[in-house]
Amino acid sequence: MEKKPQTGRLRQRRDKRISLVFFGVALVSIMALALIVIFLFKEGLPIFNKVSVHDFIFGHYWYPTDDPADFGIFPLIMASIAVTLVSSIISIPLGVMTAIYLAETASARMRELAKPVVELIAALPSVVIGFFGMVVIAPFLQETFGIPTGLNLFNASLMLAFMSIPTICSISEDAIYSVPVELKEASLALGATRWETIAFVTIPASLSGICTAIILGMSRAIGETMVVLMVAGGATLIPSSIFDPVRPLPASIAAEMGEAPFRGDHYSALFASGIILFLFTLIFNMVADHISHRFKQVGASTL
Amino acid sequence: MKLRGLILVLFAAILCFAASPVIAGSIVIKGSTTVLPIAQKIAEIYMKQNRDVKITISGGGSGNGIKALIDGSTDIADSSRFIKSKEIKHAVENKIYPVPFAVAYDCIIPVVHPENNVYNITLEQLKAIFKGEIRNWKDLGGNAGPIVVISRDTSSGTYEVWAKKVMKKERVYPGALLQASNGAVAQAVSKNKYAIGYVGIGYVDKSLKTLTVNGIKGSVETTLNGTYPISRPLYMFTNGWPEGDTLDFINFVINPEKGQKYVGPAGFVPLY
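Read top to bottom, the protein sequences are chains A and B. If you're matching positions, the first sequence starts at 1 in the numbering used here and goes up one per residue. If you're matching positions, the second sequence starts at 1 in the numbering used here and goes up one per residue.
Calculated directly from the structure, the hints in this document are not laboratory data. Quick reminder that beta carbons are idealized off the backbone N, C-alpha and C, glycines included. Take these hints with a grain of salt, some might be off.
[To be verified] Facing chain B, a subset of chain A residues (Cβ under 7 Å, in silico):
1) 64
2) 233
3) 234
4) 236
When you get a sec, could you build the whole thing from the sequences and use the hints?
Have a look at this one:
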């Protein structure tokens, strides 16, 4: 028996149904995200009845269980920023240069081999990286530099760089690799060397992708918890050297949330720290999004 | 008709469960996170031997445990401190009569790297170190070198003992390193020759050197005879003298042949 051709109306209706299903699925994940954000704000905001926003963000002392308690997260914010900056100083050159190598100069076989390996680093559980930092890197730093403790800003940054390199490398590599070949050929035809082509044509053309990669890498570093909990040291001081122990926001939340009394001041102060952290990553992601739209390389004709 | 009957039965069942957590065959335990590992371990063994009894354990802190005992939502309240007079008053107003049972002792020991040549320390010195006033080992008779202070997260029970017995309500200075568990403190101290930290007695091993406090070594004996200064008893509170399953469980916990055998391995000092 031959199947009857479907009428246009039926097909349209089916089309509509399918798109509705997809809309529903998308809605579920967005709703879940929205609910989490609402929950975060609902649990965190009550602390601002006890301390002002200014005192919370710029207060220098974090003694949440004392009586009277002090809820000042300025040292924690500074620690998060410091750790993220130092780790990007390490991870950006490494990540981007590896990406350039893989996309431009590596042989096809090398590329095939190296890319999965770099991406495999991303698959390492953060607790393993943290443990490595604690047991191997910390004593090494202590011996080599003669510093009191190896659990410090530098160690944490090093481990975080480890974790953000795969993100940075893999996204930038995609961006560089997708630069239209006409651009490169044109440059070479004009007599530019290979290096000049990479430096003045390929990289500018893929800059938006590289910037997006860097910012996503940084937002990974600022939100990472286990590593900073294990190797950053945990002192609530504003760091004055890269060998000072610090306590970034996620470490504080992770260490204290388990035993903070439910819906108490300490509990909402930790959620409020979560709000600050959320705002940081939100800004990072918005900047990344903006850059990737603004400076997008469209086709071969524009540069 | 059939459906309505079913709903009624269901409704009755839900009412039954909601009305009293104290049904035969179930014990609810709430309170101190310090006592939690002891209660958990012993309850596990107890439930294996008494399959008809179901024990539900949750943390939340000593204060919350006692609050739950007062409002009748728990059978046993775990507490790492004795009940406060304000709480007793509150309880009696609610016709609840808390009865304490000491179930174990907590003993916190200052530890340093095995290469450190300091042996004894006074409570005053410990306090000064954790306040950030003494910052070099040579002030304590050791080799010159900075002191790296390692403390616990402020919501842990171990920190609570330390804050009360050593710091006497003064603050640990912000430069102290934070570790989130006894194990992490032990790990950090054993890797750093300048470090000083504190752990529960169950976490002391060969990779750490213990310091005597005011000349007294922290041990099971000195904790039990009350001479070691950084220790405290841990309690379970019941409403009135316990009955039925609760009585049976409390007896199991404090029995030296049964429950107390598991106190040591959980990192605490048993009663006997």
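(message) To test your reading of the hints: which numbers does this structure violate?
(response) Structure breaks no hint.
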